[in-house]
Amino acid sequence: MTAQAEVIGGVGGLEVEYDDLSAAAHVLQEAGLDVVATAFDARRVVSDAGMLASSLLDPGGFARAEAAVLAAVLGPHGLLAAAGRLEEKSLALRAAVLRYIATDRLDDGLREARHWAEGTALLVALPLLPAFATTPLGRRTVAWARSDDANRFLAEHPGVAEDAAGAAPSFVDELLAVAGGPALLGALVLTHHAGPATIEQESALLSLLYPAGSARVAARGRDGLAPGAPADVAGLLIALQHRNDLAKGDAQGEIDVRRLTRIGPAGAPLTSWIVDLPGTKDWQFDPRHRDYLNDLDTNLTTMGGRHSPRVDGVTRALELAGVGRDDPVMLVGHSQGGLVALRAAEQYAADKTFNVTHVVTAGSPTARMAVPASVSVLALENRFDVVPQLDGHPPPDQRNRITVVVDAQSHDVGRNHEIGVTYLPAAERVDTDLSNPSLRAWRDSAGAFLMPRDEPVSVETTVWDIRNGG
Amino acid sequence: MTATAVLSRRLVLPAGEVSALCARVGLPPPPGFDAEASGIHTDGLLLGHAVHPSVAAGLRATCSPRVGVLIRSTVGDVAAALGVRADLGGSLVRAGDSDVEVAAWPAERLGAELARVVPSLGRSSMPTMHVPIGALADQPELRAGVIGSLHATVVAPPSVVGQVVWLATRTGWLAVEPLETRAGVRWADVRPAQPDEIGAALAPLIAGALS
Chain Y
1401 MTAQAEVIGG VGGLEVEYDD LSAAAHVLQE AGLDVVATAF DARRVVSDAG MLASSLLDPG
1461 GFARAEAAVL AAVLGPHGLL AAAGRLEEKS LALRAAVLRY IATDRLDDGL REARHWAEGT
1521 ALLVALPLLP AFATTPLGRR TVAWARSDDA NRFLAEHPGV AEDAAGAAPS FVDELLAVAG
1581 GPALLGALVL THHAGPATIE QESALLSLLY PAGSARVAAR GRDGLAPGAP ADVAGLLIAL
1641 QHRNDLAKGD AQGEIDVRRL TRIGPAGAPL TSWIVDLPGT KDWQFDPRHR DYLNDLDTNL
1701 TTMGGRHSPR VDGVTRALEL AGVGRDDPVM LVGHSQGGLV ALRAAEQYAA DKTFNVTHVV
1761 TAGSPTARMA VPASVSVLAL ENRFDVVPQL DGHPPPDQRN RITVVVDAQS HDVGRNHEIG
1821 VTYLPAAERV DTDLSNPSLR AWRDSAGAFL MPRDEPVSVE TTVWDIRNGG
Chain G
50 MTATAVLSRR LVLPAGEVSA LCARVGLPPP PGFDAEASGI HTDGLLLGHA VHPSVAAGLR
110 ATCSPRVGVL IRSTVGDVAA ALGVRADLGG SLVRAGDSDV EVAAWPAERL GAELARVVPS
170 LGRSSMPTMH VPIGALADQP ELRAGVIGSL HATVVAPPSV VGQVVWLATR TGWLAVEPLE
230 TRAGVRWADV RPAQPDEIGA ALAPLIAGAL S
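Sequences listed follow chains Y and G, in order. Residue numbers 1401 to 1870, in the working numbering, belong to the letters of the first sequence in order. Residue numbers 50 to 260, in the working numbering, belong to the letters of the second sequence in order.
Keep in mind the hints are simulated off the structure, nothing from the lab. Bear in mind the structure is a predicted one, so any value in this text is a computation, not a measurement. Certain hints may be false.
To be verified - Chain Y stretches covered by chain G per the calculated footprint, using a threshold of three residues with CB under 8 Å from any CB of chain G:
id	segment
1	1606-1616
2	1732-1741
3	1764-1770
4	1786-1800
5	1804-1814
Said to hold, decoys possible - Cβ-to-Cβ under 10 Å is the rule here; a few derived chain Y residues that face chain G:
id	residue
6	Asp1573
7	Glu1600
8	Gln1601
9	Glu1602
10	Glu1818
Claimed, not checked - Selected chain Y positions facing chain G (Cβ under 8 Å, derived; list incomplete):
id	residue
11	Val1572
12	Ile1599
13	Ser1603
14	Gly1679
15	Arg1783
16	His1817
Note that the Cβ used here is the ideal one computed from N, Cα and C, for glycine as well.
Assemble the whole structure, with the sequences as input and the hints as a guide.
The structure is reproduced here in structure tokens:
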């Protein structure tokens, strides 16, 4: 029996194949130019030293190039046209090479990350590790992480650097400064291990990471179990959590649109709308299987300043739900949903598609995002939630933007970010704070959405699925 | 719920020693930190035969995170792995063949710690460009100016969540922000960025991983 062997690298390796393809592409391009320059001497092209050399590396490619050149010279379409086709083939081949490299390097890089991620997850799943917390060492570790007594270690080991103020200089910058500073950065650009280096390779890789996508919206009918009209901020978060809990699996792209109708002072019906935008539910990193539009690719677009597919999907859902151009609209979002809410509000304020007057976000990093003057924002943040702290900006002090920061430490990065555990209690705290003038003014301004409990209000909640239409 | 006061702390250790610590704690070192394990010689790292709990806790947050970020920059050949788990964050950082910075910090410092590992290049004066992603290489400014890149990959074991790409020029970083699709073509903004913006750039991915 002969053992199977995997051979990596060497002359059969991918790098050599890339080199062959690149060489062939360059030769094709050169050949195309040669045809133009020396149209009267076709043989010079096929005897080009580079072409002949490439035949050793890539006989098939050489034969195809040779045939192409001869056909260009002897064929019915004339030399210039043939040269044009050669140039085109050369460019196409170069593009193909770049795609191969990008795909492979993307695949390599991600495979490395994926293997590690899967391995470390497996480790977490081992029964041994939970037991670790019960061992003396494990208990000490937990105690260290949660106790001020951890500083004793530093006292015992004065050689250990520590930055209690969190202001340690960058280790990387210090190293690079030792190496000569930014002036020498060019010399420090290493490419072999760190991925693509040229702009062509980056462009090809980014095209793979972020393929084209657009929103497709489908009605999912009424939700008879959705909460009724909200009386306060907690009521808004309860409804958001309801949608968040249901938007899973194949329903992960779903949002809901609530129409609130009540009778105004003059006896005419008044209509307002609340839109609940849950955060990301599933990750579809592989561009070939990107079915939903609240995925991580879409997340990135919500930080940008122009149309994102997810916002376009929300726009279409509002149109289909019958939201009027002048009807007051409140957008409520958790995490990524909060980013979508602010981005949509900005877009609608600019193009006047809808009249968004209020946005409520929970656990969203919104400090760097613009708020239109016509929109009043209430942002709930937990000081111990990693996500809203990521933008590194303190909450802006703006008239139409209120940020409520709470200290809710559950000793778990996930729970610190959850609606139910963290942000619903934060909302209840907002509701019980009757003295803060900013909160009072915000509540007063939100009268179209927050209804007294005894007021008769008709509520209809419709659900809309937003997914990738390609 | 109570507030805690976990302080940041940092060690700089030979790469082989970091590998040995990971092995002793039973954790797989992140990509880019898989040097051959050496002996553990630095004073204070071991309590008896066990890794000091403070170091072990930081390594656990880094190597077995709830959410992790792997950063590779061609500029400076920087590799960094940062992770958060429970209420603690941890990181490993190296540049080229340097020793490795091993750090532990409160989880909510993740944004600040991410900024620390992005080399400072200054601020590019290039105006923001709105271009098809597939045509980045056709922009003369980019073709002439880009000298490297930074890839930040977010993982939530066992999943790889997403990746952010920045381009390096001699005068500063350029963030590539994917935007809308028009006529079947994906567009992006390419705009100057500073290291302290990397947290915001990754925020949607990390938010998604924690939702």
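(message) Less than 8 Å between beta-carbons is the criterion; does histidine 1817 of chain Y satisfy it with respect to chain G?
(response) holds, 4 Å
(message) Quick check: do three or more residues in the segment 1732-1741 of chain Y have a beta carbon closer than 8 Å to a beta carbon of chain G?
(response) Held - the segment 1732-1741 of chain Y has 4 residues with a Cβ nearer than 8 Å to chain G, which meets the minimum of three.
(message) Under 8 Å between beta-carbons, do enough residues of the segment 1786-1800 of chain Y, three at least, approach chain G for the coverage claim to hold?
(response) holds (count 7)
(request) Examine the segment 1606-1616 of chain Y: at least three residues should have C-beta closer than 8 Å to a C-beta of chain G. (result) This one holds; 8 residues, not fewer than the three required, reach chain G with a Cβ under 8 Å.
(message) Using the nearest Cβ pair, does glutamate 1818 of chain Y come within less than 10 Å of chain G?
(response) holds, 9 Å
(message) Tell me if the interface restraint on arginine 1783 of chain Y is satisfied: Cβ within less than 8 Å of some Cβ in chain G.
(response) holds, 7 Å
(request) Can you take a look at whether the segment 1804-1814 of chain Y is actually covered by chain G? Rule is 3+ residues, C-beta closer than 8 Å. (result) Since 8 is at least three, the answer is holds.
(message) Let's test the interface hint: is any C-beta of chain G closer than 8 Å to that of serine 1603 of chain Y?
(response) holds, 4 Å
(message) Restraint: isoleucine 1599 of chain Y near chain G, CB-CB cut 8 Å. Satisfied or not?
(response) With Cβ-Cβ at 5 Å, under 8 Å, it holds.
(message) Hint glutamate 1600 of chain Y vs chain G: min CB-CB distance below 10 Å?
(response) Cβ of glutamate 1600 of chain Y sits 4 Å from chain G, so the hint holds.
(request) Tell me if aspartate 1573 of chain Y is really an interface residue toward chain G, meaning its C-beta lies closer than 10 Å to one of theirs. (result) Holds, because the Cβ-Cβ distance from aspartate 1573 of chain Y to chain G comes to roughly 5 Å (cut-off 10 Å).
(request) With chain G as the partner, please determine if glycine 1679 of chain Y meets the hint condition of a C-beta pair closer than 8 Å. (result) Hint on glycine 1679 of chain Y: holds, closest Cβ of chain G at ~3 Å, below 8 Å.
No hint from the list above goes unmet by this structure.
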